[in-house]
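Chemist: Hey, can you work out the whole structure from these sequences and the hints?
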Amino acid sequence: MSTVGAMVLGLAAGVSAGLLGIGGGILFVPALSIFLDKTQIQAEATSLVAIVPVAVVGCWRQVQFGNVRLSDGLWIGLLSPLGVLAGVVVSNALPQRALEIAFAVLILLVAYRLLRRAIQPVPESPRPSSKEPSVDKDPMSS
Amino acid sequence: MIVPLLVLWLGYGEHEATGTSLAAIAVIAALAAGAQGAYGNVDVGNGLLLGAPGIVGVAIGTSLQQRLSGRAISLIFGLLLVGVALVLLIP
Numbered sequence: 006m007s008t009v010g011a012m013v014l015g016l017a018a019g020v021s022a023g024l025l026g027i028g029g030g031i032l033f034v035p036a037l038s039i040f041l042d043k044t045q046i047q048a049e050a051t052s053l054v055a056i057v058p059v060a061v062v063g064c065w066r067q068v069q070f071g072n073v074r075l076s077d078g079l080w081i082g083l084l085s086p087l088g089v090l091a092g093v094v095v096s097n098a099l100p101q102r103a104l105e106i107a108f109a110v111l112i113l114l115v116a117y118r119l120l121r122r123a124i125q126p127v128p129e130s131p132r133p134s135s136k137e138p139s140v141d142k143d144p145m146s147s
Numbered sequence: 018m019i020v021p022l023l024v025l026w027l028g029y030g031e032h033e034a035t036g037t038s039l040a041a042i043a044v045i046a047a048l049a050a051g052a053q054g055a056y057g058n059v060d061v062g063n064g065l066l067l068g069a070p071g072i073v074g075v076a077i078g079t080s081l082q083q084r085l086s087g088r089a090i091s092l093i094f095g096l097l098l099v100g101v102a103l104v105l106l107i108p
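Protein chains in written order, with my numbering: chain A, 6 to 147; chain B, 18 to 108.
If you're looking for bench data, these hints aren't it; they were derived computationally from the structure.
Since this is a predicted model, take the numbers as computed values, not measurements.
Over the 10 Å line for every Cβ pair with chain B, so calculated as not near, a few chain A residues:
(1) A91
(2) V93
(3) V94
(4) V95
(5) S96
(6) N97
(7) A98
(8) L99
(9) P100
Computed cross-link-like contacts, SDA-like style, restricted to lysine to any residue with a CA-CA straight-line distance of at most 25 Å:
(10) A:K43 to B:D60
(11) A:K43 to B:G57
(12) A:K43 to B:N58
(13) A:K43 to B:L105
(14) A:K43 to A:T8
(15) A:K43 to B:A47
Note that CB positions come from ideal geometry on N, CA and C, so glycine has one too.
Modeler: Right, dumping it as structure tokens:
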């Protein structure tokens with residue numbers, strides 16, 4: 006039963022990874038701690054094993070859809086450990102609660118900008134589509 | 018946080034940002050899994066137990082995503098971040 010629950014959450018994690026371009030750890034980690042009795046550190050470490058194939062397959066699918074700038078992605082991936090090192094230094098210098106609040110404020114600011122973008126009435130930047138060019142229907146022009 | 022960074026700072030479209038983010042995450046997760054494995058925290062069997070349905074899920078998710086507008090992806094992502102922020106703020 007717990008295996009089934011974990012696998013259902015794993016499936017949901019994969020769907021969210023594909024939809025949003027995230028790793029899916031947001032669901033893999035609770036799946037491991039709730040259903041498979043892992044400690045927090047074991048769950049986070051083990052979730053990486055699930056994230057790797059999910060990200061590789063998701064990336065491969067997105068390459069087929071023409072949605073990947075591969076060299077950008079690989080550079081971001083290779084440089085991110087530097088950010089992790091900086092994060093470790095900062096996180097050891099500040100109390101846990103201050104970090105949580107600071108991170109929450111940061112992601113609320115990002116959320117605000119994403120949501121504002123989502124409701125902007127500006128037309129979508131062109132995506133590859135099979136639609137024909139729009140025909141000018143202005144009756145005055147003919 | 019890679020997707021918002023690519024969209025808001027570097028002017029990527031949402032679909033491109035999510036695809037490129039997955040490439041970065043594959044590299045990051047592989048490096049981190051190697052490091053955590055060295056500390057003995059990784060349970061490969063259970064990781065693959067979740068990764069297998071995860072692969073099916075990501076195939077579904079990427080297909081679904083092609084039917085969504087970039088705006089819709091930003092909307093869902095923004096709401097997810099609000100949820101995460103609330104979880105962090107609630108003590």
